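Residue numbers (the working numbering), protein chains in the order written: chain A, 1 to 259; chain B, 1001 to 1279; chain C, 2001 to 2226.
Please keep in mind that the hints were generated in silico from the structure rather than gathered at the bench. Just so it is clear, the structure is predicted and the values come from calculations on it, not from any experiment. Wrong hints could be hidden among the right ones.
Quick list of simulated restraints, FRET-style, between CB atoms [said to hold, decoys possible]:
| # | chain 1 | residue 1 | chain 2 | residue 2 | range |
| --- | --- | --- | --- | --- | --- |
| 1 | A | Asp184 | B | Pro1136 | 28 to 38 Å |
| 2 | A | Gly43 | C | His2010 | 47 to 57 Å |
| 3 | A | Ser80 | B | Tyr1043 | 48 to 58 Å |
| 4 | A | Met202 | C | Glu2028 | 55 to 65 Å |
| 5 | C | Ser2147 | A | Gly72 | 44 to 54 Å |
| 6 | A | Ser12 | C | Thr2119 | 45 to 55 Å |
| 7 | A | Met202 | B | Ala1233 | 16 to 26 Å |
| 8 | A | Gly182 | C | Val2215 | 32 to 42 Å |
| 9 | C | Gly2149 | A | Asp147 | 20 to 30 Å |
| 10 | C | Ser2147 | A | Asp184 | 45 to 55 Å |
| 11 | C | Asn2017 | A | Arg69 | 17 to 27 Å |
| 12 | A | Gly182 | C | Val2020 | 35 to 45 Å |
Chain A regions said to be covered by chain C (calculated; three or more residues, Cβ under 8 Å) [claimed, not checked]:
| # | segment |
| --- | --- |
| 13 | 118-125 |
| 14 | 176-183 |
Glycine included, every Cβ here is placed at the ideal spot set by N, Cα and C.
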Amino acid sequence: MMTDCPLLDVRSVTKMYGRRIGCSSVSFDLWPGEVMGIVGESGSGKSTLLNCLAGHIEVDQGQVFFDTRSEGMKDTLLMSEPERRMLSRTDWAFVHQHARDGLRMSVSAGGNVGERLMAVGARHYGNIRNEAIDWLGRVEIHHSRIDDRPTAFSGGMQQRLQIARNLVTGPRLVFMDEPTGGLDVSVQARLLDLLRSLVREMGLSAIIVTHDLAVVRLLADRLMVMKDGYVVESGLTDQVLDDPQHAYTQLLVSSVLQV
Amino acid sequence: MNEYNFAYLDEQTKRMIRRAILKGLAIPGYQVPFASREMPMPYGWGTGGVQVSAATLTPKDTLKVIDQGADDTTNAISIRKFFQKTANVEVTEVTKDATVIQTRHRIPETDLSDEQILVYQVPIPEPLRFLEPSEPETRKMHALEEYGLMHVKLYEDISKHGAIATSYAYPVKVEGRYVMDPSPIPKFDNPKMEMSAIQLFGAGREQRIYALPPYTKVVSLDFEDYPFEASKAEHSCELCGSHDSYLDEVIVDDTGGRIFVCSDTDYCSSQQQIIKEAV
Amino acid sequence: MIKISNLSKHFILHNQNSAVIPVMDQAEFSVAEGECVALVGQSGAGKSTLMRMIYGNYLAQNGAIWVGETNVVGATAREIIDLRRKTLGYVSQFLRVVPRVPTRDVVAEPLLALGEEQTKARRKAEELLSLLNIPEHLWDLSPTTFSGGEQQRVNIARGFVYDYPALLLDEPTASLDVKNRSIVLGLVESAKARGAAIIGIFHDEAARDQVCDRVIDVTQYTPKAA
Chain A
1 MMTDCPLLDV
11 RSVTKMYGRR
21 IGCSSVSFDL
31 WPGEVMGIVG
41 ESGSGKSTLL
51 NCLAGHIEVD
61 QGQVFFDTRS
71 EGMKDTLLMS
81 EPERRMLSRT
91 DWAFVHQHAR
101 DGLRMSVSAG
111 GNVGERLMAV
121 GARHYGNIRN
131 EAIDWLGRVE
141 IHHSRIDDRP
151 TAFSGGMQQR
161 LQIARNLVTG
171 PRLVFMDEPT
181 GGLDVSVQAR
191 LLDLLRSLVR
201 EMGLSAIIVT
211 HDLAVVRLLA
221 DRLMVMKDGY
231 VVESGLTDQV
241 LDDPQHAYTQ
251 LLVSSVLQV
Chain B
1001 MNEYNFAYLD
1011 EQTKRMIRRA
1021 ILKGLAIPGY
1031 QVPFASREMP
1041 MPYGWGTGGV
1051 QVSAATLTPK
1061 DTLKVIDQGA
1071 DDTTNAISIR
1081 KFFQKTANVE
1091 VTEVTKDATV
1101 IQTRHRIPET
1111 DLSDEQILVY
1121 QVPIPEPLRF
1131 LEPSEPETRK
1141 MHALEEYGLM
1151 HVKLYEDISK
1161 HGAIATSYAY
1171 PVKVEGRYVM
1181 DPSPIPKFDN
1191 PKMEMSAIQL
1201 FGAGREQRIY
1211 ALPPYTKVVS
1221 LDFEDYPFEA
1231 SKAEHSCELC
1241 GSHDSYLDEV
1251 IVDDTGGRIF
1261 VCSDTDYCSS
1271 QQQIIKEAV
Chain C
2001 MIKISNLSKH
2011 FILHNQNSAV
2021 IPVMDQAEFS
2031 VAEGECVALV
2041 GQSGAGKSTL
2051 MRMIYGNYLA
2061 QNGAIWVGET
2071 NVVGATAREI
2081 IDLRRKTLGY
2091 VSQFLRVVPR
2101 VPTRDVVAEP
2111 LLALGEEQTK
2121 ARRKAEELLS
2131 LLNIPEHLWD
2141 LSPTTFSGGE
2151 QQRVNIARGF
2161 VYDYPALLLD
2171 EPTASLDVKN
2181 RSIVLGLVES
2191 AKARGAAIIG
2201 IFHDEAARDQ
2211 VCDRVIDVTQ
2221 YTPKAA
C-alpha cells in the first residue's frame, strides 16, 4: 500500500491579491487514496488555495507537482494551458459548492455526465448513454431521470449529478469546494456516504475545502487548518480535532456546537 | 453613379475585408474577426455577406443572389439591386452563368465550378455558442480543439428526438481541425460543401469572416451509431418532378392543401425547361 | 510489540491564558506479543490519554511509542494511517460513523480499507455481528440509532473483524450484559492466543482479572502538582 511517490506535491504556494494575502507558503503532499481536508473560516484562504491547486487562478510563487500518467511528477503550474486543461478533464475533477457552477443547466443529466466522455473522444451514443445510466445509478439518481435537465432536480440531486459528471472519466484527484454546503443535513449524510464509498472504491485522492468540522472528521484522513492565508496546523484529522495545538484550532474546535 | 465608390464600400475597407478573406482561406474554418461596417440595411438581412461580396466583386463579375434558394424573394432582390446600383455589375438568375453567388441558407443544386465564388450570409458564426455563452471560452476551445461540447448538442438531440434532429446549421469539421457552423443551410446541403468553388462566409453583426478553399474536406459531425444523414422531404417536386433536389413545403389553400416544390428556383425552372423540350 | 519510553505530554490551552496542563510524565513500559496489559488508576490519572497517544490521536511532547516498526511519536500522518490500517486496532467507547451506512458495512470497513473483496469482508462482518448477538434485521440499518450496548458491540465487531497485531481496548465490556461480556472476553482471549499485543482499560475487575496478564498503574506517570 505504501507507494513511494505522492500524487500531489505542493511546495510553498503563494497567492497575493495586491498587498493582501490570498494564501502564503503552503506546502504539503497528498498520497494516492488519501483525503485531505482544509478547514478555516471565510476569508482564511482555503478556497483560494484550492483554486490555485486546480489551476483556476494564477499562482504567484511555488510549485504544484502532480504524478502524471505519462511523464511522472510534473509541475502543473509550468504546464501549457492545453496540457493543464486536458488534465482537468481527465485525471482531475472539481466539485463546486453550487452545483450550477459545475453543471450545464440547459443540458440533460445524461448529457452532463457524457460531456467529459465526449471530450476525450467517445463517439458512440449507445455506449455514452449506458455509461451515463451506470453513473446516475452510482450516485443514486434513477435512470428514468436521464433526460431531465438539472433544473428539475433537488439541490442534493444536482450535487450528486455534479459528482457523477466529474467522476465518469475516472479521475485520480478530486478537488471539492464545500461539497455539502447549503444542503439539508439528511441530504448531506447521503452525500457523505456516497463520497466516502466512491473514494474507497475508485482509490481516489481528494482535497476537500469545508468549514464543517463534522464533515472532515468523517471524510478526511488528514487535515490542514488555515487562518489569514497561512496553514497554522496540519496532521491526522482526528489528532488535529481532538488534540489541537494551535490557538486558532483550539478556538475553532471549541466553538463547534455539540449535538 | 458617381455618388458611390465601386460596390459601396471604400477601397480601404474592401482591402481590410480581403485580408480577412485571405486569412480565412489560409486557415479553413477559422473565424477571422473583421471590422464590420454599417451597411444600408438592417442586421440579419445579410450585412456580412454583402460586405464579403462587395470586397470580392470586380466590374467584370456576374452576380446571382438567392434567399432560401430563390432569386425572387425580397432579400435577394434588394441585395441584387443594391449591387446593380452601387457596382453596376451584370446580374443573373442562372447559376452556371454567375461568377459570384451570394446566398442565404442554401447551396445551389447545380454543381459549382472553380470559376465561381459562393458567399454565405451568416447570422451566428460560432457553432459552440448555444452551449457556451462566453466568447473567450469558445475561442479557447477552438484554439485547443476542445470540441466535446459539439457532440453534447448532438447527444441532446438523440436523447430528445431519437435521432439527430438538427436539420440546418449542422456543425462540420473542416480539414480535421476547426469545427464550423455552415450557416443555416439545410443539412441536405452539407455534403455539397466539398466543392470546386471558393466558399466565403460573412457575419456582419458578429464581425466574423471564415472560408473554405476549393476541395476542402468538410465532415459533418455524428456518432458511430447515429451516422450523419443528408435528409430531405420524401417527395418529388410538384413543378419539375425532381426527386433529388431540396424541397420546400408550400401551403396552397385555406384547407391545409400543400405541395412540395424545389427551393432552388433556377434549378426548378431549368428542369421544367428540359421536360418541355423533351415533349 | 508495543514499547513506550520516557513519554510525556501536556496540554496548552491557548484560549485560557495559555494554561499548561501536564498529563503524562515519563511513562515507560512495553507489551509483548500475546500479552494483555490493563491500565489502571483513578479517573483522570491518564489512562485514556495514554491510549489515545498510542493510537496517534493525541500528540506527545517527549519520548517514544514503538508499535511494531513505527514510532508513533514523530510519525507522519501517512505512517499513522498505515499503522492504523494494518497493525493497530482501537475499540473506543464512542461509535463515530458516517450516517446512513449499514451496520454490516461499518463493521466490514477495516477489511475493505485493506482492499479485501466486498462479499468476503461482509461475510466476515456478519460472522462477528451474529457472534455478538446483533439481530440480523439490524444489519442493514445504520448503527446511529442503536442502543448504547448495541453500538458498543458494533464497535467491538469492527475492532475484531481484522486480526490486528496490536489492539487498544477502551472499556470493551462496559454496558454489556453477562452473556455478551463473556463473548467479548472470549474474543480478547483468542486475539491473545494468535499473538496480539493488547492494552486495555477495564473498570470491570473480574473481566480484567480474567484476560489481563499484568496491570500497569498509570498514576506513577501522573505528573506531580507543581
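Against the structure, the hints:
Here the CB-CB span from Asp184 (chain A) to Pro1136 (chain B) is close to 37 Å, well matched to the stated 28 to 38 Å. At roughly 32 Å, the beta carbons of Gly43 (chain A) and His2010 (chain C) sit outside the given window of 47 to 57 Å. A hinted range of 48 to 58 Å for the beta carbons of Ser80 (chain A) and Tyr1043 (chain B) is inconsistent with their spacing of about 38 Å. In this structure the hint that Met202 (chain A) and Glu2028 (chain C) lie 55 to 65 Å apart at CB is violated, the actual value being about 44 Å.
Our hint of 44 to 54 Å for Ser2147 (chain C) and Gly72 (chain A) holds, since their Cβ atoms are close to 53 Å apart. A beta carbon spacing of about 46 Å between Ser12 (chain A) and Thr2119 (chain C) agrees with the range 45 to 55 Å that was offered as a hint. At roughly 50 Å, the beta-carbon separation of Met202 (chain A) and Ala1233 (chain B) lies outside the given 16 to 26 Å, and the hint is violated. Under the hint 32 to 42 Å, the C-beta atoms of Gly182 (chain A) and Val2215 (chain C), about 53 Å apart, miss the expected range.
Evaluation of the 20 to 30 Å hint for Gly2149 (chain C) and Asp147 (chain A) yields a failure: the beta carbon distance comes to about 49 Å. For the hinted restraint 45 to 55 Å between Ser2147 (chain C) and Asp184 (chain A), the CB-CB distance of approximately 27 Å leaves it violated. With their beta carbons about 53 Å apart, Asn2017 (chain C) and Arg69 (chain A) fall outside the hinted range of 17 to 27 Å. Between Gly182 (chain A) and Val2020 (chain C) the CB atoms are about 41 Å apart, so this pair conforms to the stated range of 35 to 45 Å.
For the segment 118-125 of chain A, the stated coverage by chain C is violated: 0 residues have a C-beta nearer than 8 Å to a C-beta of that chain, whereas at least 3 were required. Look at the segment 176-183 of chain A against chain C: 0 of its residues bring a Cβ nearer than 8 Å to a Cβ of that chain, fewer than three, so the hint is violated.
In the structure shown, a violation is registered for the earlier hints numbered 2, 3, 4, 7, 8, 9, 10, 11, 13 and 14, in ascending order.
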